[in-house]
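Chain residues, written in single-letter form:
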Amino acid sequence: MQRLFEAPAIGKMSPMAKIFAYTLLGVWSFFVLFPIYWVVITSFKDMAAVNQGPFYIPFVDFQPTLEAWRVQFSEDPYCTVSAIGRQLWLLVYNSAVFVVSPVVELNPMEPQICKIYLAFTNSFVISIFATGLCVLVGSMAAFALARIQYAPRFGNIMIFVLLLVVVIFTVTYYGVPWWVSSSVALALFFFLLRALRGYFKMSLRNGDILFWIISQRILPPIVVVIPLYVMFQAVGMLDTHLAIILLYAVANMPIVVWLMYDFFRNLPIELEESAQLDGATRLRIFREIVLPLTRPGLAATTLLTLVLCWNEYLFAVFLATVKVQTMPIMVAAKNTGEKGILWWEMCAVIVVMIIPVIIMAILLTRFISKGVLMGAMKG
Amino acid sequence: MQGSDRQAAVRFENVEKNFGDVKVLRNFDLEVQPGEFVVLLGASGSGKTTALRILSGLEKPSGGQVYIDEENVTDVLPKYRDISMVFQSYALYPHKTVAENISFPLKVRGMAKDDMDAATLNAAKQVQIGDLLDRYPRELSGGQRQRVALARAIIRQPSVFLMDEPLSNLDAKLRGHMRAHLKHMQKSMGITTIYVTHDQIEAMTLAHRVAILEKGVLQQLATPAEIYNNPANLFVAQFIGSPPMNVVHGSLNGGQFTTNGVAIQTAVTGQADKAIMGVRPEDCSIASSGEGTLFGKIYTNELIGDHALVTLDWGDDQISVKAPKDFAGEQGDEVGVIIHPDCLFVFDESNGQRIR
Chain A
1 MQRLFEAPAI GKMSPMAKIF AYTLLGVWSF FVLFPIYWVV ITSFKDMAAV
51 NQGPFYIPFV DFQPTLEAWR VQFSEDPYCT VSAIGRQLWL LVYNSAVFVV
101 SPVVELNPME PQICKIYLAF TNSFVISIFA TGLCVLVGSM AAFALARIQY
151 APRFGNIMIF VLLLVVVIFT VTYYGVPWWV SSSVALALFF FLLRALRGYF
201 KMSLRNGDIL FWIISQRILP PIVVVIPLYV MFQAVGMLDT HLAIILLYAV
251 ANMPIVVWLM YDFFRNLPIE LEESAQLDGA TRLRIFREIV LPLTRPGLAA
301 TTLLTLVLCW NEYLFAVFLA TVKVQTMPIM VAAKNTGEKG ILWWEMCAVI
351 VVMIIPVIIM AILLTRFISK GVLMGAMKG
Chain B
1001 MQGSDRQAAV RFENVEKNFG DVKVLRNFDL EVQPGEFVVL LGASGSGKTT
1051 ALRILSGLEK PSGGQVYIDE ENVTDVLPKY RDISMVFQSY ALYPHKTVAE
1101 NISFPLKVRG MAKDDMDAAT LNAAKQVQIG DLLDRYPREL SGGQRQRVAL
1151 ARAIIRQPSV FLMDEPLSNL DAKLRGHMRA HLKHMQKSMG ITTIYVTHDQ
1201 IEAMTLAHRV AILEKGVLQQ LATPAEIYNN PANLFVAQFI GSPPMNVVHG
1251 SLNGGQFTTN GVAIQTAVTG QADKAIMGVR PEDCSIASSG EGTLFGKIYT
1301 NELIGDHALV TLDWGDDQIS VKAPKDFAGE QGDEVGVIIH PDCLFVFDES
1351 NGQRIR
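Protein chains in written order, with our numbering: chain A, 1 to 379; chain B, 1001 to 1356.
This is chain B alone, in the form it adopts within the complex (with noise of 0.2 Å):
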C-alpha cells in the first residue's frame, strides 16, 4: 500500500453550519493539499466535529461549498465520496469478528472472498492485528479495538481519510504509542487525512497543519512551529503551549508596552490603551530580586521534573515562569522575572488580535 496515488484535495468554501439559532460553523474555509495532514484543533463545542461530519456527509451544511478533488460533494451522499472515517467511539459492529468489521466496507461492494481476505489480512498486518482476526470486538482491548478501526478505514485505500479523536479513549501511553504509529502510516500511505483532536500535544506532532477553531469561527491555520512562534490572535496564543502563556495587562504606547508602572521595550510598533502581553512560560527565566523586567513575591513553586515552575503575583495577574530543577524559591519569597524581548507578544485586548 506504498505511496496510494488516490491523494485528494480537500476543500471548504465559507460553510456555516447552524443548529437551530446556534452558529456552530461561520465562514468556515480551508484548503488540505493532496497527502497533507491537517488536524482541526479546538475545545469542545468549536465546531471542529461538525466540520468534519459535513466533510463526510453525515451532517449537511447550512450554507456554502464543499469540494473534494475540485468535485462539488455538498450535496453527494458519504457513500459517493470515497472517504472513511475513524470514530471517537471506534463504531465496530459488536457482532461480527474483527476480520469481518475490517472486511465490510468490501463485503458492500460486492468483492470476491478471495480478494476480500487477502485485503483483511494485508490491512490487519498492517495495524499489526494479523492475529487477532478471529475474535469478536468485546474481546479486545481499547488499543486493539482503536486498530481494528483503522485497519477497517484503510482497506479501501480511500482518498481522504476523515479521524475524529480516535486516541482519546486510550490511555496515556498507548496513545503516544499509537500518535506515533499514525504518523507513520500516514506518511508512508500518503492520504489526505484529516484529524479531529482537542489534544494540542497530537496536533503539534501529527499534523503538517493545524487549523485552529473556536466558536464556530477558523482561528489560525499554519503549520505546527508557525503557530506556536506565531500566534494570530490572543486565543491561539493561550490555546497552544504547556504551560499555557503568561498574560499580563497594561497598554501599549508606541514600542513601549506599560504595566504597573514598569515600561517594557517590545519590538512592535502600535497604540493601544488596553493592551495584553503575552510571553511563554519557557522564554521567561527567574532572576534574583531586584534584577530582572518584573518582579514579584513568589505565589507557588512547583517542582515538574526536569524543570520547576515557578508562579509569582504581579499585579492581578499571575506570571508562570521556568526554572532549573534545583531552584530553591519559597512561597513569598521575592524574585525577579528576566523577560527576552524577542519572544514577546502584544495583542489587543478589545479584540484579542496581535498587534504586530
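Bound-form chain A, shown alone (with noise of 0.2 Å):
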C-alpha cells in the first residue's frame, strides 16, 4: 500500500502520483484537441449535419462532404485551381507593395479575387513584416536595457511632456504651424535642459524603463482602439498595411523586449567584453555574438509574436475594412451572413487559418533546443 503512495527515489513518482498526473494530462489534452477535431470534422460536414444534432464519427455518424470546401474554393469564380499561380504572385506583389508603397503610389491588387485568398495572403504578408519589425527593434531595445545604464532625469522627462502639450496646443487652437511651434519648443527644451542641469535629482533606472515598456501592456487593448481609429483616419492611413503593421510591432513590442530582456540578461558578459577587447563594434557584437547565442530565446519570442500578429482581430476588425482584411476577420464574417451562422464554411476558413501556424510552430521549434550556452564559460 505505501508503495503505491511513495516514491522510489528522486526523480521519479509514485504510482498513484503517476496515474494522477497522466490522467490529468490526458484530459488536458482532450480539452486541448477536441475542438481541433470539432473544427476539421465540422468543415465536411452540411447544413443538415450540424443542425441536426451533434455528430461525433464521420462516415458512421454523418456523411462527410466538401460542400464548404467548395463553396470557398471554387465557387468563387477566380479561386479556381490554375488561379493559383496568380494569387502566389499576389503574395509576392502585395509584401513588394508595402515596401515600396511610402515611395511610390502604388495599391494592393484590389479585392475582386477570391477573397479567402486575399485574406490569406493580408495575414501573411502583415504578421511576417509586423514580426519582423517587432522582434528586430524590440531585441535591440531589449539589448540597450540589458547591458546599458540609463539615468533620465524624471524633471526632463516632465518638461518634456509639458512642452510637447504646449506645442499640441498651440498648433489646434492657435493655428501656428506645427514646425514652427515645435522647433521652438525642441530647442527650449535644450536649453531647459542646459540651464537646469544638476537641479533634478531623481531619475529613472533601467528597471522603471523596462516597466514603463512593459505596462504598455497592461492596457486592454478595446480603451486605444477608438483614438487609434481616429488617428489613423487624420493620416489616412485607414485600411493600409502599413497601419495594421506598424500598429502590431508596437502593439507587441512590449512582449518582445519583456522576453529578449531576460535573455539577454543571462548572457555572460565576458563574451562581450572579449569581443569588444578584439576590436568589435557594438552592432557587430550584438550581430555577431549575442544574437546567435540567444537563438533559442529568439525563435520563442518570433513565435509569440507571430502567433499574436496572426491571430489579431480586435485592431483588424476597426482598421482593416476592405483591402487588407485579415483572416481572423474573414472567419468572423461567416458569422453574419444573412443565411444565419454558416458554422461549416467558418470551420473551412479555420482549418485554412491554423495550418500555416502549426508549421510555423513545428519549424521554430527546431530553434528552440537547449544547450546552446554549453562550452562558453569554465568547465
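Rather than coming from a laboratory, the hints here were simulated on the basis of the structure.
Quick reminder that beta carbons are idealized off the backbone N, C-alpha and C, glycines included.
Take these hints with a grain of salt, some might be off.
[Stated by the list, open to error] In silico DSS-like cross-links for lysine-lysine, where the CA-CA straight-line distance does not exceed 30 Å: (1) Lys339/A / Lys323/A; (2) Lys201/A / Lys1023/B; (3) Lys1079/B / Lys1183/B; (4) Lys1060/B / Lys201/A; (5) Lys1096/B / Lys1183/B; (6) Lys1187/B / Lys1173/B.
[To be verified] Going by beta-carbon spacing under 8 Å, a handful of chain A positions derived as facing chain B: (7) Met140; (8) Ala144; (9) Ala146; (10) Ile148; (11) Ser203; (12) Leu204; (13) Arg265; (14) Asn266; (15) Glu270; (16) Leu271; (17) Asp278; (18) Pro292.
[Claimed, not checked] Anything over 12 Å on all C-beta distances counts as not near chain A; from chain B, calculated: (19) Lys1023; (20) Lys1079; (21) Pro1094; (22) Gly1110; (23) Ala1112; (24) His1307; (25) Gln1318; (26) Lys1322; (27) Gly1336.
Since each chain sits alone in its own frame, please combine them into the complex, following the hints.
Structure representation (C-alpha cells):
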C-alpha cells in the first residue's frame, strides 16, 4: 500500500502520483485537442449534419461532404486551381507594395479576387513584416536595456511632456504651423536641459524604463482602439497594410522587450567584453555574438509574436475594412451572413487559418533547443 | 613570433576606483617596463582585477591616469588600446569553432581570409591545439579551452597582454603544466604581460615583479625573491610563504624583542611597546626540551612528506616549525625551537609596518 504512494527515488513519481498526473494530462490534452478535431470534421459537414445534432464520427454518424470547401474555393469564379499561380503572385506583389508604397504610389491588388486568398495573403504579409519589425527593434531595445545604464532625470521628462502639450495646444487652437512651434519647443527643451542641469535629482533607472514599456501591454486594447482609429483616419492610413503592420509591431513590442531582456541579461558579459577588446563594435557584437547565442529565445519570441499577429482580431476589425482584411475577420464574417451562421464554412476557413501556425511552430521549435551556451564558460 | 617589437610600457598614475561608497582602488601607482611580466597578487576584493579592467578600458577609473607607452589612454576605448585579455572564464564564443574563435580579432579587423587562416594555424600551433581547429568549445576539455583563449589573445600580437586568473579553473596538475607553458611563451614572445592571481605560487614562479594588493592599496612591488626575503609589512610577510610566517606578539626595546618573558636578540633597532616578531617555519628548527630560543608543548605534528610540520603553543600564539620527516614528537611533548636571528622580521603592531 505504502509503495503505491511513496516515490521510489528522487526524480521519480509514485505509482499513484503517476496515474494522477497522466490522467490530468490526458484530460487537458482532450480539452485542447477536441475543439480542433471538431473544427476539422465540421468543415466536412453540410447544413443538415450540423443542425440535426451533434455527430462525432465521419462516415459513421454522418456522410462527409466537400460542400463547405467547394463554396470557399471553387464557387468563387477567381478560385480555380489554375488561379493558384496568380494568387501566389499576389502574395509577392502585396509584399512589394508594402515596401515601395511610402515612395511610389502603388495600390495593393484589389479584392475582386477570391476572398479567402486575399485574407490569407494579407494575414501572411502583415504577420511576417510586423513580427520582423517588432523583433528587430524590440530585441535591440532589450539589449540596450540589459547592457547600458540609463538614468533620465524625472524633471527633464516632465519638461518634455509639458512642452509637447504646449505644442499641441498652440497648433490646434492658435493655428501656429506645427514646424514652427515644435522647433521652438525643441530649442527651449535643450536650453532648459542645459540651464537646469543638476537641478533635478530623481531619475529613472533601467528597471523603471522596462516596466514603463511592459505597462503598455497592461492596458486593455479596447481602450485605445477608438483613438487609434481616429488617428489613422486623420493621417489617411485606414485600411492600409502599413498601418496594421506598425500597429501590430508596436502592440507586441512590450512582449518582445520583456522576453528578450531576460535572455540578454543571462548571457555572460565576458563574451561581449572579450569581443569589445578584440575590436568589435557594439552592433557587430550584437549581430555576431549576442544574437546567435540567444537564438532559442529569439525563436520562441518570434513564434509568439507571429501567432499573436496572425490571430489578432480587434485592431484589424476596426482598421482593416476591405483591402487588408485578415483571416480572423474572414472567420468572423461567416457569423454575420443573411443565411445565419455558416458553421461549416467558418470551420473550413479556420482550418486554412491554423495550418500555417502549426507549420511555423514545427519549423521554429527546431531552433528552440537547449545547450547553446555549453562551453562558453569554465568547465 | 619571436621577440615581438611591440613591447609597451604601462603606467598607472594615482588611479582610484569607487563603486558607490566602496573604495576598490586607492592611490594606485604602478610602472611596468616593456616586456616585463608583472603579477598582481591579492585576495578576492583586493582590487587586482579592477586594476586590470581599468587598464583594459572595460572599467573607467574614478580618478588618476593610465598610460600605455607614454600615451594617456584613460579615456581611450578598449579596442584602440592594442591589448588582449584572457578571462578567467575563457569567454570563448560557443557558437564558433576553435578556428573561428581564434581568428575573430583578425576577422574584426578585416584581414584577408588566407592570411587569417595562416595566422590562426600558427597561433594554434603555438599553444599546441593545431589539430582541434574544427571543434566547438563544448567539445574541448578545460585545458584545451584555456589554450584556445590564449591563442585568441596572442594571434594579433598585442602590445600588452592581460590575464585575469587564467589558470584558476584548471586542476592542479594541468595548472602546473600551463604555468610553465605561459612562462615560456611570454619569455619567447616578449610581450608586456600583466597577470592577476590570488595564487602565490603562480605569482612567485611567473613574475619578474610581483605587486601585492590589499583592500585597494598597493602593499609592495618587488621581485619574487625580494618579496619573500624582505617583506615590506606584516600583510606581505603573512601572504607570501606556505605554510605562512609565524607571528609572535611581544615588545621591542632597542634590539631586543621580548615575548612571554623571553628576550630575543634581533638585528633591528627601534622601540615599540607592541611589536610582532615574524619568522618563517622553514627558518626554525626543532631542538630538544630546554634548548633553543623558545620552547613549548607540541600542539600537533603533521607529516607532509619531505618534512614534518610541528606546531607548538607559545603563549597565545602558535609557532610552526619545519622539522625533519623522521621527527617523532607526540602531541604534548615539550620541545624547544631554534630561531636563526638573521631570518627574523619585526613589525609594528599598530600599523603592521616593518621595523628595520
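Taking the hints in turn, this is what the structure says about them:
1. A C-alpha spacing of about 24 Å is found between Lys339/A and Lys323/A, which places the hinted pair at or below 30 Å, so the restraint holds.
2. Distance hint between Lys201/A and Lys1023/B is fulfilled; the C-alpha atoms sit about 23 Å from each other, no more than 30 Å.
3. Taken as a hint, the Lys1079/B and Lys1183/B pair is honoured in the structure, with Cα atoms around 26 Å apart against an allowance of 30 Å.
4. Restraint check for Lys1060/B and Lys201/A: satisfied, since their Cα atoms lie roughly 23 Å apart, inside the 30 Å limit.
5. In summary, the hint linking Lys1096/B to Lys1183/B is supported, as the alpha carbons are separated by about 28 Å, within the 30 Å threshold.
6. The suggested pairing of Lys1187/B with Lys1173/B holds, with an alpha-carbon distance near 22 Å, which does not exceed 30 Å.
7. Given the 8 Å rule on beta carbons, the hint for Met140/A is violated: about 19 Å separates it from the nearest Cβ of chain B.
8. Annotation: interface hint on Ala144/A violated; nearest CB of chain B at approximately 18 Å, more than 8 Å.
9. The criterion of a C-beta within 8 Å of any C-beta in chain B is not met by Ala146/A, whose closest approach is roughly 17 Å, and the hint is violated.
10. With a cut of 8 Å, the hint placing Ile148/A at the interface with chain B is violated, because the nearest CB-to-CB distance is about 14 Å.
11. The beta carbon of Ser203/A is not positioned within 8 Å of any beta carbon in chain B (closest approach about 15 Å), and the interface hint is therefore violated.
12. The restraint placing Leu204/A at the interface with chain B is violated, with a minimum CB-CB distance near 19 Å, outside the 8 Å limit.
13. Residue-level restraint check for Arg265/A is violated (minimum Cβ-Cβ distance to chain B is 17 Å; threshold 8 Å).
14. For Asn266/A, the suggested interface contact is broken, since its CB lies about 13 Å from the closest CB of chain B, more than 8 Å.
15. Taking 8 Å as the C-beta contact cut-off toward chain B, the hint placing Glu270/A at the interface holds, the least distance being around 4 Å.
16. Residue-level restraint check for Leu271/A holds (minimum Cβ-Cβ distance to chain B is 5 Å; threshold 8 Å).
17. Nearest Cβ of chain B to the Cβ of Asp278/A: about 4 Å, under the 8 Å cut. The hint holds.
18. The beta carbon of Pro292/A is positioned within 8 Å of a beta carbon in chain B (closest approach about 5 Å), and the interface hint is therefore held.
19. The Cβ of Lys1023/B sits about 20 Å from the closest Cβ of chain A, beyond the 12 Å cut-off, so the non-interface label holds.
20. Interface exclusion of Lys1079/B from chain A breaks down, the closest Cβ pair being 4 Å apart, not more than 12 Å.
21. Annotated as non-interface, Pro1094/B brings its C-beta within 12 Å of a C-beta of chain A; the closest such distance is 4 Å.
22. The claim that Gly1110/B lies off the interface is violated: its Cβ sits roughly 10 Å from the closest Cβ of chain A, which falls inside the 12 Å cut-off.
23. Listed as a non-interface residue, Ala1112/B keeps its Cβ farther than 12 Å from every Cβ of chain A; the least gap is roughly 16 Å.
24. Listed as outside the interface, His1307/B is consistent with that label: its C-beta sits roughly 34 Å from the nearest C-beta of chain A, beyond the 12 Å cut-off.
25. Distance check on Gln1318/B: its Cβ is at least 36 Å (rounded) from any Cβ of chain A, clearing the 12 Å threshold; non-interface status holds.
26. Every beta carbon of chain A lies more than 12 Å from that of Lys1322/B, the smallest distance being close to 35 Å; the non-interface claim holds.
27. Distance to chain A confirms Gly1336/B as a non-interface residue, since its nearest Cβ pair spans about 48 Å, more than 12 Å.
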